[in-house]
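J.: Below are the chains, spelled out letter by letter.
There are 4 protein chains.
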Amino acid sequence: MNMTFLQEMFNNITQRDALLRRRHGYNTNPDHADLVGACRALLESDGEASSIALASRALAMYERLDGSERRRFFARLAEEFAADPTRIDQAYAAYSESRDNATLNGLFEACEPRRQELFRRLNLASDGTYQLVRMREDLLALRREHPELAGIDADFAHLFASWFNRGFLMLKRIDWNTPASLLERIIHYEAVHEIHDWNDLRRRLDTRDRRCFAFFHPAIGDEPLIFVEVALCKGLPDHIQPILAGEDSDVEAPEDADTAAFFGISNCQTGLRGISFGNFLIKQVVQELKQELPQLKHFVTLSPVPGFAQWLKAQRDDDSTSEAQREALAALDEPGWHRDPERAEALKAVVRPMAARYLTQEKNDRGLPLNPVARFHLGNGAELHRINWLGDISDKGLEQAAGLMVNYLYVLNDIERNHENYTANATVACSSEVRDLARKARKQQAKGELK
Amino acid sequence: MNMTFLQEMFNNITQRDALLRRRHGYNTNPDHADLVGACRALLESDGEASSIALASRALAMYERLDGSERRRFFARLAEEFAADPTRIDQAYAAYSESRDNATLNGLFEACEPRRQELFRRLNLASDGTYQLVRMREDLLALRREHPELAGIDADFAHLFASWFNRGFLMLKRIDWNTPASLLERIIHYEAVHEIHDWNDLRRRLDTRDRRCFAFFHPAIGDEPLIFVEVALCKGLPDHIQPILAGEDSDVEAPEDADTAAFFGISNCQTGLRGISFGNFLIKQVVQELKQELPQLKHFVTLSPVPGFAQWLKAQRDDDSTSEAQREALAALDEPGWHRDPERAEALKAVVRPMAARYLTQEKNDRGLPLNPVARFHLGNGAELHRINWLGDISDKGLEQAAGLMVNYLYVLNDIERNHENYTANATVACSSEVRDLARKARKQQAKGELK
Amino acid sequence: MNMTFLQEMFNNITQRDALLRRRHGYNTNPDHADLVGACRALLESDGEASSIALASRALAMYERLDGSERRRFFARLAEEFAADPTRIDQAYAAYSESRDNATLNGLFEACEPRRQELFRRLNLASDGTYQLVRMREDLLALRREHPELAGIDADFAHLFASWFNRGFLMLKRIDWNTPASLLERIIHYEAVHEIHDWNDLRRRLDTRDRRCFAFFHPAIGDEPLIFVEVALCKGLPDHIQPILAGEDSDVEAPEDADTAAFFGISNCQTGLRGISFGNFLIKQVVQELKQELPQLKHFVTLSPVPGFAQWLKAQRDDDSTSEAQREALAALDEPGWHRDPERAEALKAVVRPMAARYLTQEKNDRGLPLNPVARFHLGNGAELHRINWLGDISDKGLEQAAGLMVNYLYVLNDIERNHENYTANATVACSSEVRDLARKARKQQAKGELK
Amino acid sequence: MNMTFLQEMFNNITQRDALLRRRHGYNTNPDHADLVGACRALLESDGEASSIALASRALAMYERLDGSERRRFFARLAEEFAADPTRIDQAYAAYSESRDNATLNGLFEACEPRRQELFRRLNLASDGTYQLVRMREDLLALRREHPELAGIDADFAHLFASWFNRGFLMLKRIDWNTPASLLERIIHYEAVHEIHDWNDLRRRLDTRDRRCFAFFHPAIGDEPLIFVEVALCKGLPDHIQPILAGEDSDVEAPEDADTAAFFGISNCQTGLRGISFGNFLIKQVVQELKQELPQLKHFVTLSPVPGFAQWLKAQRDDDSTSEAQREALAALDEPGWHRDPERAEALKAVVRPMAARYLTQEKNDRGLPLNPVARFHLGNGAELHRINWLGDISDKGLEQAAGLMVNYLYVLNDIERNHENYTANATVACSSEVRDLARKARKQQAKGELK
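Residue numbers (this note's numbering), protein chains in the order written: chain U, 2 to 452; chain A, 2 to 452; chain V, 2 to 452; chain W, 2 to 452.
One or more hints might be untrue.
Below, simulated DSSO-like cross-link-like pairs (lysine-lysine); rule was C-alpha separation at most 30 angstroms, straight line [said to hold, decoys possible]:
#1 K298/U with K291/W
#2 K173/U with K291/W
#3 K173/W with K173/V
#4 K298/V with K235/V
#5 K173/U with K173/V
#6 K291/U with K298/W
Hints were generated in silico from the structure; no laboratory data involved.
With the rest of the complex left out, here is chain U (with noise of 0.2 angstroms):
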């Protein structure tokens, strides 16, 4: 009775779709077919007076389609949804002869996949964007054992790029004020340090020292798409556990403190992997913290380091290593070496310069950091500061890194040079610390000293 235009436009369509359906005998479960069918109509369809219903009955029916039927429409998506072969041959031929921006625009629009006008049809419904999103992340599932599907994601990376432009993205503070549903969310999404309930939340957002920040996209309202949590402290903070903790901090108020601590980036959207945002999260909280607060002189990360522990245990099995350091690295395995204050000082004498060496000098195919976080922050211009001995006791933070957490400084004057090393020469800006823990590990390797 209250029914929208929009709303009947909509049911108009289903309706007559009813009827094709009842014709032609369809069943009432959509299946990949008819959603080919309908991302046809939408891209028939001239664009206007219909494309947003068209457009909603698209997503509905995916929605409803099981793991197995969605597979099905991404193997046709990427088999019938290409480009056409004869117009891009004509219109190569066309800009081969010409070479000139007219020729050049009408080959590139020969070989734009239609999917990508298809996504861009599909955008038009009401909450398309995020439900896009979310047909990525299903397409990424697949993707590892369907390599076929890649030329797909493709195309969705191409639109991700230019919808969730950092100039359209907006930040949010997050605290305890924030609405409930979204809190939840923040709940949901962490992925670094869990957040277990809601007195943990509050616990790491509602005191005085603590900030939170997220980055939203206007056409997917609540969803965050990154978040980042601080904490500010006096003095660069070596272990997670008080801070997870919410421990009472030497900082009573906020002016007091001289360092903005970064204990956790959480990206939300499996679907937009790739579209990269946190260099500018970073960016952005530093400018509303320094905003905030004039007196901050430092702006730090406590990271983990994941895949230090594999890496370090197959240190054990290589040539390389030497025989003092395979003893004392057998106390790893021994549960609750962390507790043993005598142990845990042996392992650190080998343990810290070895992590020195596998931040700085252990690099992949490409020729930069194997591990993931140091490849993040040193490309956003970061150092690395300080490598923080027993930093994550948790039994995640042993596993994977031993206990480890390193410091990456963000020094407002080295930012621009250290990014500009790294991209070009892939140089590692680090401590003098660091050099000098990474120049040990080296010795104890050849010489087989400890300490």
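With chain U's structure known, arrange chains A, V and W on it following the hints.
T.: Just chains A, V and W, lined up with the frame of chain U:
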């Protein structure tokens, strides 16, 4: 002193810049060559740390260029920021061999003009989106005389179609509680019936029987993209002057109205020409109004007929026009004819039929109606409903349309069909009254009989 | 450094204060005498430049007093901040001579207790209103044992009735999009059916068939004054447990519901006892719901019956109770009786009639119903509609009301009449079903026949 | 059809009302007697179910009364809604016997004029607060000629002082982004220097060196209570015309200013006369500005001197005025004197000293400065800092103050002391320059020497 982080980074870059300038003897006012250099630097940056600053710098330079320098800059954009022919040739070779998605993506990337990536990066700057829209405004002004710039415009259009996707637009109601800064823009942008001052605006907006809605884009803040003015009436209105004067209507409460009359639709951003939102705007406004006032029965425009007077003039010299018609039309040459009831009545008998013929039968080279307003509403699925004699007796109304105005009617159940018939067969949906008028025009032409 | 103007003024005053203290050998912890001094200073200030600072100082002192010092402070307020008897005598003499408005005003001013002006001035402090509400909370706790403080309470009540005038209250909807800090208060203040944690809250609020509204006062920000929880149902609900559990109702969309059931009304501020908003809240919420969901037909409560079990116990020893009734009621002593269908059925036949009698015929010394919840809703014009057997089988429900709950029905056309009959003649409006039950109770009493 | 609950209740009551009217032969236009009846009904209702409706009805009746009926209504209020003498006598008897808080409260209640309870109940109506403010506006207009209405005004004043307590006021910034409907009110209410139209307003508000703040009360929505206009300057301004014209100042960015000049303070609600917020407004605005622009050093007004010209005229006939002074002052009679530099200079030598004398030494019957603006700022703790020759050369400025304007300076550390000296001893804080001028005035008077 309170300078922000990003400003500082910007200053760092600008200082280096200034240094370079001095070394190389540049003068302080940038020219198109400086800007081309800045654009290259932006494209070469790897999109991370310094891109925002570089983008801001380039846009600031553009801002300071004068008209001829801007033209030179566009010329360079056209010539030097297309795509790499060798890379295209290679990509095409690969594609023509395998014809798969991977090589198609390769070709698509190779032939995307570098301008597109440039514009995407300029868009990183704060307020970049709006500055790009204004840059295209400049370009459109030059395009007529410089057809070689058409390629750049295609790149703008391609990106803007993505960025200004309807899914990203926000509808807001405009009324007397709207911030003055925004109302000022409404006064400025009104294109159909000029708003003279604040009192004039108040008459149009601030009564219970008026509504105004605009589309906004989150990245360009308070700048409206397009807006529509609505009067709530009893019955379909046929004269614009009482509406503009805010004369007491017989609609005491909005709940009394049965008709929503769209009496002005104004595009605000020249730089977004061809990126169409008007259709979506009308339909979303219909939806809003239905929600607020479920009793509304008719959604109709009161639209101008630009170009009709000019066409009419040409008819007077045309062979097909009968002597009787010609004689009647001569009255139009006498100033003030519309205030003379007898003369006006005689004219009406000739002019309205000819207008019906003009609107329904005169076509452009694409086979669509000659009149642009008719094309817009018929394309949206509306029906050409009534031709109103002396509908607009302002100087402008008399001059451009012999005082005529037209009602286009949006009938929910017909929109789809009308639209499809129009796009498929260029069929003009019209009321029987208009059809009869057009028939009468033919008779008058043939037999020379008036009335 | 960034200290604000008013803070500086406050500091100036506090420094002078500190100086005075040191001179006069005061210790650093204020006692009631210090506070009395601060109150005098505030009353003697001429209400302009320094009043805000003086008010803040006095409230800060009060905050630091412990319970016994606060009691002493109230005692001093009672004794020393009344009115000047001589001035009253003179004003009365003048009044009794001329009996005009001028001398009446004089008398009124003379006998206004100075406490009222004191409280008005304390209210100048930022957050003063809320601190005064909490001050009265302390006072009410003391009042029972210290009847001499009743005078102060009258002053609070007089002012609060003005300040918390319904015209100043703001109704806000509470839902899952409400800031967490406010929801936390809702959890805290819920007085009828305890909310255990955030998941419990979510079940009550975050479904399409739930609503929650609260009154706020602009000067005390996010502290709710009173709130009501509503469930949208088909038909009048008779059991509270499914509602609290958020069990799937048969109301799929809010538009399906025909009934709004108020299942919890909680006053949040003890310090506002006696300042009644509950009546206005219910009526304004009815209005809001009608606006949103015009199809709603019934507005009803599902209310507890506190005190009934106690009364019932007393009846068992009362001569008027028949032997048969007494025997039946004995079953209530056996734990878990409500899970034994046979026993429960037997009890039902006795207990419901007695509840009807209790609610309609048992009166307090003002001739009004003994049950406070009944007094509230009957006073608002509702009708005692139905007595629900095993309506609340929680421990609390069994303990306070033998598991009974009551529906009070708000019938638009009867509210006025019910209300008038109630206030004029203490008439209890009730359904014929309840009336029949009460009659049956009398019969059972008289004849000893059950059923 | 969509009628709301409270409306329906209101209609119910009004229908009964209409019935009564017809029965008793009332005419349809209410007169003061009807309103008195409605007020009685409201007072007799027990404040619950129907009070809101009864209050709305009474206020709607008042709205429809013409001036003379309103006067009659006030007369009835004065006569019939005072207090019950017998009850007062009894309460006084009880009080004079026991002299305790209980009997004091009894007396206080007995002698509270029933008007106060009436106004509190009228305030239940939606928008009641604002309507009561306007009702007092009417009353104030009548009071001069009808001193017998003073008693009613005392009741209004008593309640308004509670309702408009500073703790309930909200400060909002007004600028070009403020809703037009509110800006329109600012144009309307500006009392010091008239705002002619929207362009004029824009010049005053919409530059980086302007600020405007207003106090609002939550219950009267968008109606401002008082507002102040501020110009940010370098140094203390001495002329108003450049400020009003929005002339380019030497303040390019707000951060460049060292002075905030308050150049217009306008009370908006005549009905709130005597309920003072100006003092709080100035101090809260100083605080806001300090927060935004910590570099500001001076807070000063540029104020008119209403009444000075009139006083000056009287002096010309006064014996104490020397012949030389008299001769000089004669130049004031010649129109355009301020445009003649020589004449103006001669006048300046006489008029400024006399102004200093007028402002510092001429007292009213309460021993306070004759000039109301001086009383206001001196009472707030400001210092009379400078007398500016030709500070306001508008017609109004010339007419009321011979073109003079005055700077009152708010010096943080002196405000308290100035204020205390002023209230205790009526001491006028002034700069040595002003003191010297006043001394010169005495000399000129005595010796007849000018200069």
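J.: Against this structure, judge whether each hint is valid.
T.: Okay, the hints, checked on the actual structure:
Using a Cα cut-off of 30 angstroms, the hinted pair K298/U and K291/W holds, with the two alpha carbons roughly 24 angstroms apart. With a C-alpha separation of about 26 angstroms, the suggested pairing of K173/U with K291/W holds against the 30 angstroms cut-off. For the hint linking K173/W to K173/V, the alpha-carbon distance of about 22 angstroms falls within 30 angstroms, and the restraint holds. For the hint pairing K298/V with K235/V, the CA-to-CA distance comes to about 10 angstroms; that is within 30 angstroms, so the pair holds.
Between K173/U and K173/V the CA atoms are separated by roughly 24 angstroms; this keeps the pair inside 30 angstroms, and the hint holds. Between K291/U and K298/W, the direct Cα distance comes to roughly 24 angstroms. Compliance with the 30 angstroms bound is thereby established for this hinted pair.
Violated hints are absent here; each numbered hint is respected by the structure.
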